[in-house]
Each structure stands twice: as structure tokens, then as C-alpha cells.
Amino acid sequence: MSSNAKHLHSIDAGHYKNTAGCETEVMPIPDIVKISMSQNIGAPCKPLVKKGDEVKVGQLIGDTDAFVSVPVHSSVSGTVTGIETQRSAMGGNDTLVVIEADKKQELAEGIKAPEITDQPSFVKAVRDSGLVGLGGASFPTHIKFNPKNIDDVHTFIVNGAECEPFITSDHRTMLEDAQQVIDGAQMIMKYLGTEQGYIAIEENKPDAIANFDKMLAEQGISNIKTFKLQARYPKGAERVLIYEITGKHCDAGVLPADLGVIVSNVTSVAFFGQYLKDGVPLTKKRMTVDGDAVNTPKNIIAPIGTQIHDIMEFCGGYKSAPTKILMGGPMMGRAIFSDKMPIVKNNNALLAFSKSQAFIPEETACIHCGRCHVACPFDLLPTGFADAYEQRDAQRLSDLQVMQCMECGSCSFVCPARRPLSFMNKLGKGLVKEAGIK
Amino acid sequence: MENQYYDNLTVSSSPHLVTGLDTRKTMMMVLIALIPSFLVSIYVFGFRVIILTIVCVVASVFFEWGYNKLMKKPQTIGDLSACVTGTILAFNLPSSFPYWMAIIGCFVAIVVVKMLYGGLGRNIANPAIVGRIVLLLSFTTQMTTWPVTRLAATDATTGATPLGLLQAAKGGSVTLPSNMEMFLGFIGGSMGEVSALAILIGGAFLIWKKIISPIIPLTFIGTVFVFAFIYYSIVGGDYSAMHMAIFHICAGGVMLGAFFCATDYVTSPIMPLGKVIFGIGCGVVTMVIRLWCSFPEGVSFAILFMNVLCPLIDNFAIKKFYGGAKKNEK
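Protein chains in written order, with our numbering: chain R, 19 to 456; chain Y, 694 to 1023.
Hints in this document: simulated from the structure, not taken from any laboratory.
Computed from a prediction, not measured in an experiment: that's the story for all the values here.
Even for Gly, the Cβ is constructed at its ideal location relative to N, Cα and C.
Careful, some of the hints might be misleading.
[As the list claims (entries may be wrong)] Now the in silico label distances, taken between C-beta atoms and shown as ranges:
id: 1; chain 1: R; residue 1: 381; chain 2: Y; residue 2: 794; range: 35 to 45 Å
id: 2; chain 1: Y; residue 1: 700; chain 2: R; residue 2: 208; range: 39 to 49 Å
id: 3; chain 1: R; residue 1: 84; chain 2: Y; residue 2: 911; range: 48 to 58 Å
id: 4; chain 1: Y; residue 1: 911; chain 2: R; residue 2: 319; range: 53 to 63 Å
id: 5; chain 1: R; residue 1: 374; chain 2: Y; residue 2: 700; range: 52 to 62 Å
id: 6; chain 1: R; residue 1: 238; chain 2: Y; residue 2: 717; range: 56 to 66 Å
id: 7; chain 1: R; residue 1: 197; chain 2: Y; residue 2: 902; range: 37 to 47 Å
id: 8; chain 1: R; residue 1: 272; chain 2: Y; residue 2: 902; range: 33 to 43 Å
id: 9; chain 1: Y; residue 1: 815; chain 2: R; residue 2: 214; range: 48 to 58 Å
id: 10; chain 1: Y; residue 1: 703; chain 2: R; residue 2: 84; range: 27 to 37 Å
id: 11; chain 1: Y; residue 1: 717; chain 2: R; residue 2: 123; range: 23 to 33 Å
id: 12; chain 1: R; residue 1: 68; chain 2: Y; residue 2: 700; range: 26 to 36 Å
[What the hints assert, rightly or not] Selected chain Y positions facing chain R (Cβ under 8 Å, derived; list incomplete):
id: 13; residue: 702
id: 14; residue: 714
id: 15; residue: 716
id: 16; residue: 719
id: 17; residue: 772
id: 18; residue: 812
id: 19; residue: 931
id: 20; residue: 959
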């Protein structure tokens, strides 16, 4: 199927897919992992283990009764040496379970392929797997797969659009774990009751598209098709992707399911396909390690909780002192302050940049060029948001539809005056929320 | 490398990547787009074009530098906007214009219109346009004394512009240069505005590079064309309405104004609807001045007039755009 004639606005952020050809290397188990209890967008888990406990791979070590939350499992076998608190990349405090690995990687007892017979057992299996949205949002997948209006959902979209520059881990997943993607998608579609499935991939990954086309044809699967997207940013954003495929506008606050669509990241689907076979929860993650401060950029699979400096060491160490390390891509990823931080489920990249490459913004005056408006996928007016925010005018921010902003960063990217527009949008949204304007 | 940790890294909000096209490069593109007009102007009017342009650029940059120095503000001449203002102001002058007067124009443009309002991005009117208007009103004789072009077959030292001829005739019989001569630019006029072709090449370059949106130039020129066509269809004259419509878009400052002055980011609307209103407004005011006022040319007044209205137009367009989106949601 070809793309819609109409596209939402997008930008050319460059691709820098330096590691696209790097076959994934499995990293050796590190001496110590620090597993965060806050690995989903909802409530953090409470540790179920204490200092001195022996744990095994896949063992449940954190859970909670909160509705929007996902359990956490141990990624190694070994001994719990402590429960720590550490400031997180988000600014809050995370509880970390520190485990000294014995490197035997013994599986926990009772791990077996899940028995899925009906919708509730499907949703339970998804929750038990520890799956969150691996595209970066870390939204609990079992909630996404259990919409209130499940009968209205007719389309399932596997999001293989990796529009962030530098990152190639989804691309590698599609090449290396294509069968899991197909298996996972089929099972998900079965229990969502969707007739039509798409695997949406940008046109700069022709090998992944051809690979899926061939496999789907060989296996006689007719209700899943590949969908070719423009290789532009931010085509992988859920609301953009839905428009590109269905032609429907998904405003902020509208659930994709309300439009009859459910979108899931390709790595999430691939993991679920694997989980169906062996029942091993989400304990390791493929990610791209790149940036000019890294000696050997590559794609790796690392246990969740591995500290960043261990991963950097596996990638040949730092070439030069890093000034910025990003968790995720350069457009929406988070700059972190320490390489002692552990990776979490939704990490898909670690990028380390030296002083020369790290973009340190230096703001100049707005020249009213309007590029931010032209770049915005939702036709918003970031320069207007910035002015209204500087005057703390919540009503005007709301009138200008600031809440529609998804903080993709396109406006900041194109701004010739280097204004941190995306950041001000975020602050503006906070202001509107505080003011309680509906 | 062992045990060497980095826990004092730089943090900042995303995105961590930006386009290479900053304000300075944008201004550079505009300067590049002005090169064709510059070359034609040198060919038509001679060596003095180069010196007058350099005088205006140097004076503009100097005034901005001096203002910042005097006011102890961070230096901003690196953004090249003063170079663009200087060049466009020079292009709006006759090539015989005295240098010292041109420097006064630069002072008005940079210090009065731009820096006193807060510098780049804060001015409410296009500096070069106001500079030109002040010169026109202060030194009317020098501003309307047009040196003859190298192609003119006369021995005179001054000539008239096509619009001047039209104005002098005031409805009577008049012999105008052919539209092709006007399009190519071998006619009298300000330095940068003589060749429609050269301006179109520069304008096309800016549109291709996505520096400017085509909306304002198209609506501006389109309005002038349609207005002239309708007017001459009604009043008649020595030439056909079509001929006069083409004459009016090639004559005077319409092309230069439409592509290089009216599209100035700071003083034109952001929203597409605003750009349409702005462009049509420029076209209408230009033609009203040309046809019914005592000035032969009205482009700079039209642009200044619309500059002043710009915030209102943009507000209207923003309300229209986002107000509409809100209704759909409910």
C-alpha cells in the first residue's frame, strides 16, 4: 500500500544511521546491574526483594497494585546487594534494586510459554511479560491492548518508523527478529479482533520492507501488509503515523483506539512474539550505541539495569571525554548527567557526544520567519507559544492549542534563532494545566 | 579508562540537534539572491553601483556595531542582517545618488527603525523601506534624478523612468519602453529594481531554498497585475490592458519589493492567510498610489503601510486558524 497523498508537515533532521549495518552483539553480563523500579510512565513498583536475596533471571522483583503500572523482573541471576535511591533522568528519585550477577544466568522457576486462551488471559500475559511501549513512551502495553471499545478497533499498526536520527535498533530488530514481529503481530491482532494489520516502515529501510513482504507472502499472511512511510521526522510519532496510514487526525487527548486503531512499537511486538515462545519476561534490550565520543559504535543487547559506563566499555570505551550523553535519540531523547545510570526498558539508544558535537544552544532574537509553524506536524505556532509563555498568559496558550503539542522538537530543530521552542511548549503546557483551563 | 566515570555531564532539554540554517546563513542566502540584480545593475549603470552598495553596507554595519558598542549591548552584526538592509537600501537608490545622503538613509534604517526598537526581530517596519522613504521625502530631487542607462540612445545625462513617463502623461498619449526591455532591465530606475528577470532569478532561488514562502510575492504581483488589467480594460489607452498589466508588474519596485522587501520576516505575517492578506494589500496600495496619487511609484509606501498593519493581520489570521480548529474539536 502506498502512502496517503497528503502528509503532515515534517522536517529533514538528517539520518546519521551509522550503525544500520551493525549486526547486534550480545553484551556479556556485567558484574552489577541496578534495576529501576520506575520503568513505566505510570506508578513505580515496590521492590519485592531485599538485601541478601538470591534472584534468578526473569524473577519478579518489583510490582504494585496501581492500575497504570507494569512489573519489573530481574535481568540476571545473582544476589541482591542493596536497595538504592538515585536521582533519575526525569529529575525525580528512583528506587534501584542492585544485584551482583553470578553470571550463571539461571532462569527462574516456573518460566514457561504463557497459555493464552481468551482476551483476559491475553491481557494478563502482556502484563506478566513486563512489556511497556519500547518506542520510548514506556506506556504499559497491557492497558493499550485492553481498550474500553475493543469491538471498534479494526486496525493494528506495528510502528517500524525509526525517525530519530542515529538510532538503528528497531531496524536491526526488523531484520534479525522479523519472525517474532510477525508472530507477535498475529497474536495481538487475534485478541484485539482487528481485521487489518500494517507494519509501517520508512522508505530508507528498503531491506526491512522487502524482508517483511517476502516473509508475509511466503507464510500466506494476507491481513498484514507493509506500509511505506516518508523517511522524514517525525513519521514515527503515534499521532502522525495514524494520520499517514488512515488519514484520520488524532488530536491530543483522543485515544488511537477511539479512531479504531492501536499502534505498537516494532520492538514491543517482536518481544511479545518471543515471549509467546519461551515466557521469559522483558529483561534485556537491544539498543544503538553511537556518537562521536564512542570508540566503536554498534548495536548491542544488554541486560536491563546495566550501567551506561559498562556499556560504553563494551563499545571500546570513550574516544574522547563525553560532554553530553543521551538516552534515546537526539530529537526527543534525554540528556543525562551521569554515566553511572542504569538503562531501562524503553532505552533504544545511548548517544555520547564530545564537546565539538554536543549542541549547546545559544539563543538569539526571534526573526518571525515562521519556520516553526511550517515544521509543526500539527500546524501549531511555537513562536506564539513562546511569546505567550514569556508573558505567562495561560489563556492565550490554550487558545493557540498548546495542548496539541507532542514535543517532537521539530520547531526547535528548524529555528534559525536557536530558541528552545519545544522546551517552552512543554512549560506552556504545564502553565495551562496549572491554570486549569479546559 | 577503568573506573573513570562521567557524572557531571551537560544536561539540556531536547532536541539535541538543530539545522545548520541559522539566522546568519538565512541572511547570507538573501545576499546571494541579490547578486543577479547587482550584476545587471553594474552592467546597466556602471561602476558607481558597486561603490554605492559598498558604502551602504559598510555604513549599515557600522551603525549597528556603533549602537551596540555605545549601548553596551552584545554585538549582533554577525547575523548579517545589517548587510542585507544596506544592500536593499542601496538597490532602492538611483546610481547617481550622493554617498553622504545614502549614509543618512542607512542611519535612519539601522538606528532609528531597527536598533531603537530593540534590534533585529523587534522593528515594526522594514528598515530599508523606511530609509528609502525618508530619503525620498528629504532629497526628492536626487532620489528622482535617474541616470541614463548605457543602452539609451541619447546624449542626455538623466532620463525618466517608465513610471515617470506614465505619470507625466497623466492619461495622455505616451510612448513606453517595450515590456521585454523592462523585463530584462535596460531601463531607467533605481539600481536594483531595473531587471525583473534578475530579481525573479534571485526570488526563485530563495523560494527553492525555502528561505521565503512564495505566497507574498505571488499575491503582491498577482494583485498588481489584476488591478492594472481591470483598470486599463475600463479606461482604455494607447496600449492593451494586457500590455499595461505586464508593464506594471515589471516597472518600478514591484518585483524587488515583492520578493525582497515585503517578504522580510520581521515585518510580514507568519500565518499563510496573513501572508495572502498582506500581499494583496501591498498590491492594492501600490496601484492606488500609482494611478491616483501624485507619486509615480507606490511600492515602498504600500509595504510600509502593510508593515504597520502586520500585527493586526497576523492576529486576525491566528484567530481564524486556531479558533476554527477549536470549533471542529467540539
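For each hint, the structure was consulted:
The hinted range of 35 to 45 Å is satisfied by residue 381 of chain R and residue 794 of chain Y, whose Cβ atoms lie roughly 38 Å apart. Evaluation of the 39 to 49 Å hint for residue 700 of chain Y and residue 208 of chain R yields a pass: the beta carbon distance comes to about 47 Å. Judged by the Cβ atoms, the range 48 to 58 Å given for residue 84 of chain R and residue 911 of chain Y holds: they are separated by roughly 57 Å. A hinted range of 53 to 63 Å holds for the C-beta pair residue 911 of chain Y and residue 319 of chain R, which are about 54 Å apart.
Remark: the range hint 52 to 62 Å for residue 374 of chain R to residue 700 of chain Y is contradicted by a beta-carbon distance near 21 Å. With their beta carbons about 58 Å apart, residue 238 of chain R and residue 717 of chain Y fall inside the hinted range of 56 to 66 Å. With their beta carbons about 46 Å apart, residue 197 of chain R and residue 902 of chain Y fall inside the hinted range of 37 to 47 Å. Between residue 272 of chain R and residue 902 of chain Y the C-beta distance comes to about 37 Å, which sits within the given range of 33 to 43 Å.
Restraint check, residue 815 of chain Y to residue 214 of chain R: a C-beta distance of roughly 53 Å satisfies the suggested window 48 to 58 Å. A hinted range of 27 to 37 Å holds for the C-beta pair residue 703 of chain Y and residue 84 of chain R, which are about 34 Å apart. In this structure, residue 717 of chain Y and residue 123 of chain R break the distance hint of 23 to 33 Å, their C-beta atoms being roughly 55 Å apart. For the pair residue 68 of chain R and residue 700 of chain Y, the beta carbons lie near 27 Å from each other, so the given range of 26 to 36 Å is met.
For residue 702 of chain Y, the suggested interface contact is upheld, since its CB lies about 5 Å from the closest CB of chain R, less than 8 Å. Annotation: interface hint on residue 714 of chain Y holds; nearest CB of chain R at approximately 6 Å, less than 8 Å. With 8 Å as the threshold, the beta carbon of residue 716 of chain Y comes within range of chain R, its nearest partner Cβ sitting at about 5 Å, so the hint holds. Against a cut-off of 8 Å between C-beta atoms, the interface hint on residue 719 of chain Y holds, since the closest Cβ of chain R lies about 5 Å away.
The interface hint given for residue 772 of chain Y is met, as the beta carbon of that residue sits about 7 Å from the closest beta carbon of chain R, less than 8 Å. Checking residue 812 of chain Y against chain R: minimum C-beta separation of about 6 Å stays under 8 Å; hint holds. Using the Cβ-Cβ criterion of 8 Å, the hint placing residue 931 of chain Y at the interface with chain R is not satisfied: the shortest such distance is roughly 43 Å. A cut of 8 Å between beta carbons decides the hint on residue 959 of chain Y: the least distance to chain R is about 5 Å, and the hint holds.
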